[in-house]
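Residue numbers (the UniProt record's numbering), protein chains in the order written: chain A, 1 to 364; chain B, 1 to 364.
If you are wondering where the hints come from, they were derived from the structure by calculation, not from laboratory data. Idealized CB from N, CA, C, for every residue including glycine. Treat the hints with caution; some may be incorrect.
A short list of chain A residues far from chain B (calculated; beta carbon distances all over 10 Å) [claimed, not checked]:
| no. | residue |
| --- | --- |
| 1 | GLU17 |
| 2 | ALA113 |
| 3 | ARG200 |
| 4 | LEU259 |
| 5 | GLY287 |
| 6 | PRO318 |
What follows is a list of derived Cβ distance ranges for each label pair [unchecked claim]:
| no. | chain 1 | residue 1 | chain 2 | residue 2 | range |
| --- | --- | --- | --- | --- | --- |
| 7 | B | LEU345 | A | ASP162 | 35 to 43 Å |
| 8 | A | ASP107 | B | GLU134 | 37 to 45 Å |
| 9 | A | ASP231 | B | GLY185 | 40 to 48 Å |
Each chain, letter by letter, is given below.
2 protein chains.
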Amino acid sequence: MTSEHSARPTISDVAAEAGVGRSTAARTLGGYGYASEEVRERVLAAAERIGYRANALARSVSTGVSHTLGLIVADLANPFFGGVARGISDASRERGFDTLVLSTHEDLAEEVAATNVLIDKRVDGIIVASAALEAGAAGHIEQARSSGIPVVLVDRAVPGLDIDAVVIDNRAAARDAVAHLVAAGHRRIGFVWGPPLAERPRRRRDLVGVGTGNQWTDGERLQGYLDALDDEGLAFDVELVMVGAKTEENAQAEVARMLELPEPPTALFCTENDAMTGSLRALRNAGSRVGETMSLIGFDDSSWAAVMEPPLSMIEQPTLALGAKAAEVLFATIDAGSRGGAPELHTLETRFIARASVAPPNVN
Amino acid sequence: MTSEHSARPTISDVAAEAGVGRSTAARTLGGYGYASEEVRERVLAAAERIGYRANALARSVSTGVSHTLGLIVADLANPFFGGVARGISDASRERGFDTLVLSTHEDLAEEVAATNVLIDKRVDGIIVASAALEAGAAGHIEQARSSGIPVVLVDRAVPGLDIDAVVIDNRAAARDAVAHLVAAGHRRIGFVWGPPLAERPRRRRDLVGVGTGNQWTDGERLQGYLDALDDEGLAFDVELVMVGAKTEENAQAEVARMLELPEPPTALFCTENDAMTGSLRALRNAGSRVGETMSLIGFDDSSWAAVMEPPLSMIEQPTLALGAKAAEVLFATIDAGSRGGAPELHTLETRFIARASVAPPNVN
Numbered sequence: 001m002t003s004e005h006s007a008r009p010t011i012s013d014v015a016a017e018a019g020v021g022r023s024t025a026a027r028t029l030g031g032y033g034y035a036s037e038e039v040r041e042r043v044l045a046a047a048e049r050i051g052y053r054a055n056a057l058a059r060s061v062s063t064g065v066s067h068t069l070g071l072i073v074a075d076l077a078n079p080f081f082g083g084v085a086r087g088i089s090d091a092s093r094e095r096g097f098d099t100l101v102l103s104t105h106e107d108l109a110e111e112v113a114a115t116n117v118l119i120d121k122r123v124d125g126i127i128v129a130s131a132a133l134e135a136g137a138a139g140h141i142e143q144a145r146s147s148g149i150p151v152v153l154v155d156r157a158v159p160g161l162d163i164d165a166v167v168i169d170n171r172a173a174a175r176d177a178v179a180h181l182v183a184a185g186h187r188r189i190g191f192v193w194g195p196p197l198a199e200r201p202r203r204r205r206d207l208v209g210v211g212t213g214n215q216w217t218d219g220e221r222l223q224g225y226l227d228a229l230d231d232e233g234l235a236f237d238v239e240l241v242m243v244g245a246k247t248e249e250n251a252q253a254e255v256a257r258m259l260e261l262p263e264p265p266t267a268l269f270c271t272e273n274d275a276m277t278g279s280l281r282a283l284r285n286a287g288s289r290v291g292e293t294m295s296l297i298g299f300d301d302s303s304w305a306a307v308m309e310p311p312l313s314m315i316e317q318p319t320l321a322l323g324a325k326a327a328e329v330l331f332a333t334i335d336a337g338s339r340g341g342a343p344e345l346h347t348l349e350t351r352f353i354a355r356a357s358v359a360p361p362n363v364n
Numbered sequence: 001m002t003s004e005h006s007a008r009p010t011i012s013d014v015a016a017e018a019g020v021g022r023s024t025a026a027r028t029l030g031g032y033g034y035a036s037e038e039v040r041e042r043v044l045a046a047a048e049r050i051g052y053r054a055n056a057l058a059r060s061v062s063t064g065v066s067h068t069l070g071l072i073v074a075d076l077a078n079p080f081f082g083g084v085a086r087g088i089s090d091a092s093r094e095r096g097f098d099t100l101v102l103s104t105h106e107d108l109a110e111e112v113a114a115t116n117v118l119i120d121k122r123v124d125g126i127i128v129a130s131a132a133l134e135a136g137a138a139g140h141i142e143q144a145r146s147s148g149i150p151v152v153l154v155d156r157a158v159p160g161l162d163i164d165a166v167v168i169d170n171r172a173a174a175r176d177a178v179a180h181l182v183a184a185g186h187r188r189i190g191f192v193w194g195p196p197l198a199e200r201p202r203r204r205r206d207l208v209g210v211g212t213g214n215q216w217t218d219g220e221r222l223q224g225y226l227d228a229l230d231d232e233g234l235a236f237d238v239e240l241v242m243v244g245a246k247t248e249e250n251a252q253a254e255v256a257r258m259l260e261l262p263e264p265p266t267a268l269f270c271t272e273n274d275a276m277t278g279s280l281r282a283l284r285n286a287g288s289r290v291g292e293t294m295s296l297i298g299f300d301d302s303s304w305a306a307v308m309e310p311p312l313s314m315i316e317q318p319t320l321a322l323g324a325k326a327a328e329v330l331f332a333t334i335d336a337g338s339r340g341g342a343p344e345l346h347t348l349e350t351r352f353i354a355r356a357s358v359a360p361p362n363v364n
């Protein structure tokens, strides 16, 4: 268009000045891809001669602000984390930040690698739903923070870890749901998704707390179930708690087992969607009718639950709000430059959605 | 532990040498957070004096390999994209690459911003499910590639864009599904999720192709529906195609409208899960019974579909394989240094899962 360089030289101008191809110039200036040392020096010298402006990355190095957050979650295929990610990215975008998401498949080694990637990519803050069961397994999170990167936990607190967390009140939500079943007259209530123990323990105390391998959320939900039994003075029966792999298949097998007990449950509390669909498969195979011979309450509402026949009563988690709050807490820490005082546990409320899957016990 | 520096000086050693706090040294060396110019120089000089090794980021700048891929998708809360992301990250991890995911909410401006973030973060390649309807809107994708970053499209081809794409055969899948309904005796088949047009066009040709605002996948599925009608010599009726917002609420409203037609449909083909749940709401309100007075086939199988009463016949998408193939094509391009020849469209097959939601027409 013009024979002179415009006020703002482009990569093509640098390429022409250096006598290299445009993509070679772009790679060298951007710092990606391969270029020989000789070409590299030629391109950088050309860039300096014509006053090519450093790219956004170089600017972020010099200013120390890259305007990106990192989010580490266990499983992106779970719509719950999709909702949390959406809440975070909506809130971040209002502040001009982009969100980079990494998924760890509940694997602690992958979580450590993901944390290192985010440190390397110099994000301004990290939000993590950690697979660590306790502080001793969360050295990577401490490390990120001691490198100067603010960190906030989301969905899962990590007992003993001195870091702010934004969670829902899992224990109260579970307690309320089970209380609904008790109010409808149920005394034998199955709990689907228990700890991943290889063998069913005999004693209640071996089901809860450390050593069961339970995530914090799962442990809280089980504790809420036990709270409700205690509130109502109901007997605890370890046979009514699922143990083993947290899969749809194992939920189906465990509910099938419960249905064969001398005194089978008349109601089930399912703490995950896969626990619910596995339970529904077992109930169908046994000819048990939801809302008639079996009452059901699930956790984490889905548009499918509302169109089931009968529609399922569910606990709704505020996924977008959970993400938005985590972003808010993180930005407050970023703005303050450091987090002062004791770590805070921010707890959001859930909502119980009563539909038609709970009825009085009917043990025909 | 020792009064001499070990063979490999740490950030703490640099901090002590520079007379600053450990986190200040970490921030300066890592390039994140704030530090005054004076402190910065002091830390960098100290690092040089004691031979502190540059961090992984600096190494990746000098070697040009950061070992990260970027993935840009429309909506992380959609389990379909969660599955694709999982397929990509599993395949990348085998190669020692991490995957950074960004979600754009079907907004082209957000997609452009996400692409710039990935260029700035110097990923080694980008996989994108683009919101661009045609090549003219995909300048940012061309730009990434001309900066030397290989790009592969996933799930959605972009007509006219000269880039490899990995997709499913949406048109054949839709054609097969509708052929199933025709084989069961249906002649009036509703199509739920049509183009987002404000008004229902009168002519078939205004429903398909450019100017309808349809994503490539949606357009292909509609075309497959039309193919099946043509194959069977059935009349096309524009009243049987949903138009307007692609939401569960609008699907419900459009199916309610179809049920009021003088000749209502006896079967529905739902091309998304929200289209299915919206349809199910309308059918329930109208007292229409799935698998009896209304036959149904959906797209994108879910564990919920199998536990519905009756279980729903669905098209299953190979989400993990789609992601794995996209990663494979991207790595082939990265390994080759550049992509030669014409762009390829890699097409994966879907699977039709027959359950109990299709029966002969029964218009009582």
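Each hint, compared with the structure:
no. : hint                            : verdict
1   : GLU17                           : holds (18 Å)
2   : ALA113                          : violated (6 Å)
3   : ARG200                          : holds (25 Å)
4   : LEU259                          : holds (16 Å)
5   : GLY287                          : holds (12 Å)
6   : PRO318                          : holds (14 Å)
7   : B/LEU345 - A/ASP162: 35 to 43 Å : violated (52 Å)
8   : A/ASP107 - B/GLU134: 37 to 45 Å : holds (40 Å)
9   : A/ASP231 - B/GLY185: 40 to 48 Å : violated (56 Å)
The structure is inconsistent with the numbered hints 2, 7, 9, although it conforms to all the rest.
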